[in-house]
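Its first residue numbered 542, the sequence shown is counted upward by one per residue in our numbering.
Keep in mind the hints are simulated off the structure, nothing from the lab. As the structure is a computational prediction, the values presented were derived from the model and not from experiment. Honestly, I wouldn't trust all of these hints.
[Claimed, not checked] Simulated restraints on C-beta separations:
hint, residue 1, residue 2, range
1, G619, D706, 15 to 25 Å
2, E670, E722, 23 to 33 Å
3, P671, Q708, 37 to 47 Å
4, P729, G619, 20 to 30 Å
The beta-carbon is built from N, C-alpha and C at its ideal position, and this holds for glycine as well.
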Amino acid sequence: MFVKRAVRSLPLAAVLGLTLFVAGCAYNPQVQEPPRASTLSDAQDQARGGRDRTQAGSQLSIGLGQAKPAAAKELAAGQIRELLEARTFLGTVTCSPADSACMPIRLTITMAPNGLWRMRANHADHGGEPVLSQGCWHQTGTNPTRIILQTQNDTVLADLSFLHDQQLRVNRFNYVQPTLETHLSRQPEVDPISELENQTGITCRP
Numbered sequence: 542m543f544v545k546r547a548v549r550s551l552p553l554a555a556v557l558g559l560t561l562f563v564a565g566c567a568y569n570p571q572v573q574e575p576p577r578a579s580t581l582s583d584a585q586d587q588a589r590g591g592r593d594r595t596q597a598g599s600q601l602s603i604g605l606g607q608a609k610p611a612a613a614k615e616l617a618a619g620q621i622r623e624l625l626e627a628r629t630f631l632g633t634v635t636c637s638p639a640d641s642a643c644m645p646i647r648l649t650i651t652m653a654p655n656g657l658w659r660m661r662a663n664h665a666d667h668g669g670e671p672v673l674s675q676g677c678w679h680q681t682g683t684n685p686t687r688i689i690l691q692t693q694n695d696t697v698l699a700d701l702s703f704l705h706d707q708q709l710r711v712n713r714f715n716y717v718q719p720t721l722e723t724h725l726s727r728q729p730e731v732d733p734i735s736e737l738e739n740q741t742g743i744t745c746r747p
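Using the sequences and the hints, build the whole thing.
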């Protein structure tokens with residue numbers, strides 16, 4: 542939820558008030574508005590092969606106790622089978638051995654059935670203050686199920702694919718394709734990313 546991509550760093554979204562860089566398959570977790578917006582339609586076109594273009598609060602309504610039966614024959618608009626309940630995925634965006642400037646980043650991403658996602662990003666080696674972000678996820682492909690994480694500024698932070706219910710592959714992060722295969726694994730407990738509880742609420746589904 543691919544390799545052979547040169548190391549570079551790119552800006553992300555001003556709403557996070559920091560600067561976030563990607564180097565190879567890692568970034569310095571600070572965020573700023575990118576010079577180009579990546580829209581949902583752009584990401585959907587990219588996932589479907591329609592365009593040759595690189596794309597990559599209040600309390601969190603994670604829907605605990607509101608999961609719908611997995612055996613349901615039909616899903617509501619915007620829902621996917623893998624996220625019929627809130628789930629947290631954890632993993633590290635690693636670095637190419639040839640890139641001495643790259644810093645591995647540890648990501649915690651929680652996604653809810655109502656379309657909301659929250660993320661906590663830390664330097665894997667030396668910790669420090671985490672970078673927090675949130676937005677709406679949208680499905681862009683099937684077989685395997687593919688989604689994007691879209692920020693409040695309508696930029697695409699990540700492009701992910703479900704290998705299965707328990708694991709995501711990182712296709713792109715902050716517009717960059719990782720130089721190494723990067724996976725995020727489902728965690729047994731849901732992390733609500735409570736640091737964002739006082740943020741303005743987001744409505745992702747009508």
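### Query
Can you list which hints this structure breaks, lowest number first?
Of the numbered hints, just 3 does not hold.
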